[in-house]
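*Asks:* One-letter residues, chain by chain:
Protein chains: 2
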Amino acid sequence: MSKRLIQFSRTPWLPALPPRGAGEPLQRWIHRALRGAIVGGRLGPGAAVPSSRALAASLGVARGTVVLAFEQLVAEGYLEARPGAGMRVSAQVPDTLLSPGRPRRAGGAAAPSAPRPVFSPFSGSLPAVAFAPHRCETRVLPVDVLRRLHGRLLRGHNRWLFEDGPAAGLPALRQAIAAHLGEARGLAVDREQVLVVSSMQQALDVCLRVLGAPGDPVWLEDPGYPGARHLVRLAGRVPVFVPVDAEGLQVDAGIARAPQAGLACVTPSRQAPLGVAMSPARRAQLLAWARRASALVFEDDYDSEYRFRSRPVPPLAAEDPARVLLAGSFGKLLYPGLRLSYLVCPPGWTDAFAAALSLTARHPNLLTQAVLAAFIAEGHFARHVRRMRRVYVERAAAFEDRARRLWAGLLELPAMQAGLDVTGRLAFACADRDAARALRDQGVESLPLSGYCAAARLPPGLVLGFGAVDEDELDRAAPRVARVLEAMRTASATRAPA
Amino acid sequence: MSKRLIQFSRTPWLPALPPRGAGEPLQRWIHRALRGAIVGGRLGPGAAVPSSRALAASLGVARGTVVLAFEQLVAEGYLEARPGAGMRVSAQVPDTLLSPGRPRRAGGAAAPSAPRPVFSPFSGSLPAVAFAPHRCETRVLPVDVLRRLHGRLLRGHNRWLFEDGPAAGLPALRQAIAAHLGEARGLAVDREQVLVVSSMQQALDVCLRVLGAPGDPVWLEDPGYPGARHLVRLAGRVPVFVPVDAEGLQVDAGIARAPQAGLACVTPSRQAPLGVAMSPARRAQLLAWARRASALVFEDDYDSEYRFRSRPVPPLAAEDPARVLLAGSFGKLLYPGLRLSYLVCPPGWTDAFAAALSLTARHPNLLTQAVLAAFIAEGHFARHVRRMRRVYVERAAAFEDRARRLWAGLLELPAMQAGLDVTGRLAFACADRDAARALRDQGVESLPLSGYCAAARLPPGLVLGFGAVDEDELDRAAPRVARVLEAMRTASATRAPA
Numbered sequence: 001m002s003k004r005l006i007q008f009s010r011t012p013w014l015p016a017l018p019p020r021g022a023g024e025p026l027q028r029w030i031h032r033a034l035r036g037a038i039v040g041g042r043l044g045p046g047a048a049v050p051s052s053r054a055l056a057a058s059l060g061v062a063r064g065t066v067v068l069a070f071e072q073l074v075a076e077g078y079l080e081a082r083p084g085a086g087m088r089v090s091a092q093v094p095d096t097l098l099s100p101g102r103p104r105r106a107g108g109a110a111a112p113s114a115p116r117p118v119f120s121p122f123s124g125s126l127p128a129v130a131f132a133p134h135r136c137e138t139r140v141l142p143v144d145v146l147r148r149l150h151g152r153l154l155r156g157h158n159r160w161l162f163e164d165g166p167a168a169g170l171p172a173l174r175q176a177i178a179a180h181l182g183e184a185r186g187l188a189v190d191r192e193q194v195l196v197v198s199s200m201q202q203a204l205d206v207c208l209r210v211l212g213a214p215g216d217p218v219w220l221e222d223p224g225y226p227g228a229r230h231l232v233r234l235a236g237r238v239p240v241f242v243p244v245d246a247e248g249l250q251v252d253a254g255i256a257r258a259p260q261a262g263l264a265c266v267t268p269s270r271q272a273p274l275g276v277a278m279s280p281a282r283r284a285q286l287l288a289w290a291r292r293a294s295a296l297v298f299e300d301d302y303d304s305e306y307r308f309r310s311r312p313v314p315p316l317a318a319e320d321p322a323r324v325l326l327a328g329s330f331g332k333l334l335y336p337g338l339r340l341s342y343l344v345c346p347p348g349w350t351d352a353f354a355a356a357l358s359l360t361a362r363h364p365n366l367l368t369q370a371v372l373a374a375f376i377a378e379g380h381f382a383r384h385v386r387r388m389r390r391v392y393v394e395r396a397a398a399f400e401d402r403a404r405r406l407w408a409g410l411l412e413l414p415a416m417q418a419g420l421d422v423t424g425r426l427a428f429a430c431a432d433r434d435a436a437r438a439l440r441d442q443g444v445e446s447l448p449l450s451g452y453c454a455a456a457r458l459p460p461g462l463v464l465g466f467g468a469v470d471e472d473e474l475d476r477a478a479p480r481v482a483r484v485l486e487a488m489r490t491a492s493a494t495r496a497p498a
Numbered sequence: 001m002s003k004r005l006i007q008f009s010r011t012p013w014l015p016a017l018p019p020r021g022a023g024e025p026l027q028r029w030i031h032r033a034l035r036g037a038i039v040g041g042r043l044g045p046g047a048a049v050p051s052s053r054a055l056a057a058s059l060g061v062a063r064g065t066v067v068l069a070f071e072q073l074v075a076e077g078y079l080e081a082r083p084g085a086g087m088r089v090s091a092q093v094p095d096t097l098l099s100p101g102r103p104r105r106a107g108g109a110a111a112p113s114a115p116r117p118v119f120s121p122f123s124g125s126l127p128a129v130a131f132a133p134h135r136c137e138t139r140v141l142p143v144d145v146l147r148r149l150h151g152r153l154l155r156g157h158n159r160w161l162f163e164d165g166p167a168a169g170l171p172a173l174r175q176a177i178a179a180h181l182g183e184a185r186g187l188a189v190d191r192e193q194v195l196v197v198s199s200m201q202q203a204l205d206v207c208l209r210v211l212g213a214p215g216d217p218v219w220l221e222d223p224g225y226p227g228a229r230h231l232v233r234l235a236g237r238v239p240v241f242v243p244v245d246a247e248g249l250q251v252d253a254g255i256a257r258a259p260q261a262g263l264a265c266v267t268p269s270r271q272a273p274l275g276v277a278m279s280p281a282r283r284a285q286l287l288a289w290a291r292r293a294s295a296l297v298f299e300d301d302y303d304s305e306y307r308f309r310s311r312p313v314p315p316l317a318a319e320d321p322a323r324v325l326l327a328g329s330f331g332k333l334l335y336p337g338l339r340l341s342y343l344v345c346p347p348g349w350t351d352a353f354a355a356a357l358s359l360t361a362r363h364p365n366l367l368t369q370a371v372l373a374a375f376i377a378e379g380h381f382a383r384h385v386r387r388m389r390r391v392y393v394e395r396a397a398a399f400e401d402r403a404r405r406l407w408a409g410l411l412e413l414p415a416m417q418a419g420l421d422v423t424g425r426l427a428f429a430c431a432d433r434d435a436a437r438a439l440r441d442q443g444v445e446s447l448p449l450s451g452y453c454a455a456a457r458l459p460p461g462l463v464l465g466f467g468a469v470d471e472d473e474l475d476r477a478a479p480r481v482a483r484v485l486e487a488m489r490t491a492s493a494t495r496a497p498a
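Protein sequences appear in the order of chains E and A.
Sequential numbering of the first sequence, starting at 1, is according to the working numbering.
Sequential numbering of the second sequence, starting at 1, is according to the working numbering.
Hints are supplied without guarantee of correctness; some may be wrong.
[Said to hold, decoys possible] Partial pick of chain A residues on the chain E-facing surface, computed with a CB cut under 10 angstroms:
#1 135
#2 160
#3 213
#4 214
#5 215
#6 331
#7 338
#8 363
[As the list claims (entries may be wrong)] Partial pick of chain E residues on the chain A-facing surface, computed with a CB cut under 10 angstroms:
#9 162
#10 209
#11 335
Hints in this document: simulated from the structure, not taken from any laboratory.
C-beta: ideal position from N, C-alpha, C; glycine also.
Please construct the entire structure, taking both the sequences and the accompanying hints into account.
*Replies:* Right, dumping it as structure tokens:
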């Protein structure tokens, strides 16, 4: 298939494609070929690109593969979809903008509306991340749509954007979130129950402020997300660490340790970081305890929209809306820099939470809220999540494939069914903090499982994110992980001969 | 001057101006005339408007008066300034957009980039506000500039906008705030001392979390901003109410009540709500106490950029940077819906505050931060504040004028020297809550002085904002205030005959 010259009978044509690398996925090859042709100048600004149908037929690949390559090129700014006119090379291609050495426009002063870099807050490039967990892919965002929505709102003489807004959030966004939860999570939620907050941490923070008092115990999963632990301590509450097994939170242990707790924080859909779903028996047991103890359950529903091989697990909140506070974030579904999350309160609780928010942080920026509301209401959000689910399914498969081929005997992974990260068990004796440190020294991020543990003592493991890692990056990082862990295993065998 | 037909020798001409109302300010008359001509269709979309110089000469008024009228029309969307082409009527005028009954565009489908209302979160119009305090004018914002900056950043392949950002805030924004404080407040601040937060309440909240523990006393001004009082209680701290006199906080009283407090919250530049500036002796006394007690002073510097008759009072933070936390908000300087404020910590304290923020709220939306950073760095912010100072000087004068003419013997105002609101004393016996309620029943907002008091017992007063009230609104509301208060005075005299 390499060096094939593609010539279409109709207008657009593509120069010779570069050779496909050994094992290179088709989508990446097509992406690389088109990008190379654009950056190299063989496809000039404004040039027409063959339709995905024609290109797929010509290459003998599935049309979806070509569409995904096109979508990535659009997201990266290389291609533009023009209604009715098909796909074309962008008038200004990003690599030109990104290389400061080259002139931005050939001749002439920049027009006032020409894109130019304002500044970069970092030193020009993002830090090496590879398998840093809790990250989503931000390179395939529909930035054009976001830009259009910002422009439309700011052109529309929407004076309310500039005034104070309601502490519970913009009604339109609360409505859009309620509708999303109905569709994506099967949850019947009234808009009045939804509060807009800036982050999951803020959602938990406002719960800690409204419910209970300093000194009161709060159940936390162990292992569990360290941010919750630190926040509970900052709020002057006493964390009660409840162990987790293959069925999720061990409710019995929680009841034995602190039956009178007023709040329990859980990740029932996909336990963070172990990945297990809470069993129906445990869910029923937890809710029964909450009803008896007049407690509330804080349900951290952080990434359950991304489930690969089955329908998402329904939220606890669907089983007993009066006992559950459901929190979710757009940081993983859309992008972290957005800083918008939501908290669904039991009916009748909204005013208390809104009052606390009005004292602590008021509300997030109104334009940001309005853009997200329109983004959801006009279907862009559902489309993006559908598309990212496809991307993550592919990435999870690639990640599993490399793990099987390269990490056997070093790091054992469970079957990957959902989410953007996975916890692997180290298959030899070592401290997982040492492994994470050794990997970081080689430019590969990960988190040690022990960092998620408070009282729990678990076998050593690494929490690895794969959602933000494309196949190029995976293929650069996976062998490095193997080398580092192989060296550690050898050293450990030398220290303690069998 | 009425009914004069203005015809310029060069291209643009203006139809007959409407008669100038008795006592109508020139600026408002010019604004009304041009707006009427545009809305009435006598000046069509795209039509050229005479230069401010020509129009001023023709009317025999100062050019600045015409410029202010033009600026308001630009801000309202009626006029557009085209570089090199002078001022023109906008292609789409806002009244067309705002009336839902009329078709938005004559014939044809809307272009994809055409402005169209997305939704309104409120019921179509903002609530009646008149003299609601703590509000700034949002109708003369440079919305075009904001739109351009959003577009530029979203066009620029700035991937970092979508990633997680630093908890202390965007470095570029911290830098811009430090530079602003140097220029506007004469404060030498290192960027590293500046934290970006979403609101003044969040600034105080993070201080309460980092400094001290539940049960610790916190000094609060009495009268003072009620939000601080509620937040201190929410954080489990014990508010210590320290009286205020003509020199500001009575430091002696604070020392007598709680010498060991770790934090004192003050508004030294312009006491909220009494408006007095803290005397140099009291400032020195407060800082001496803070040094002795190892306490910190939270300086709420909420609107000191707006001082009308003199240079702003320098911040306390300039006198002892190691003892003062300076907080300021862009909500009053730019617009409340922005939700961005800052906290300047003493050198060496930033990490502790950033760590607390990273646990509670992380950071505000990155695009919002980046737009504000560019807005400041490119000079738009300083320009806007200069311009608004002129607007507020004019509004304060008009407000004082109406108060003198209409409210004499009812409500006595101090000399207005700064800020966007003022506290007037009711000149007859009544409960100020009753007066505020009676005014609200007539559609006029205000806050009773007693609402700012915790232990303090002050003569009845009303806190009135004038910053968001243009002269039309002032002239509608001021006589209504007089009627309501007059009726209350009569009733009070009948109840208690002298």
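*Asks:* If you check each hint against the structure, which ones fail?
*Replies:* none
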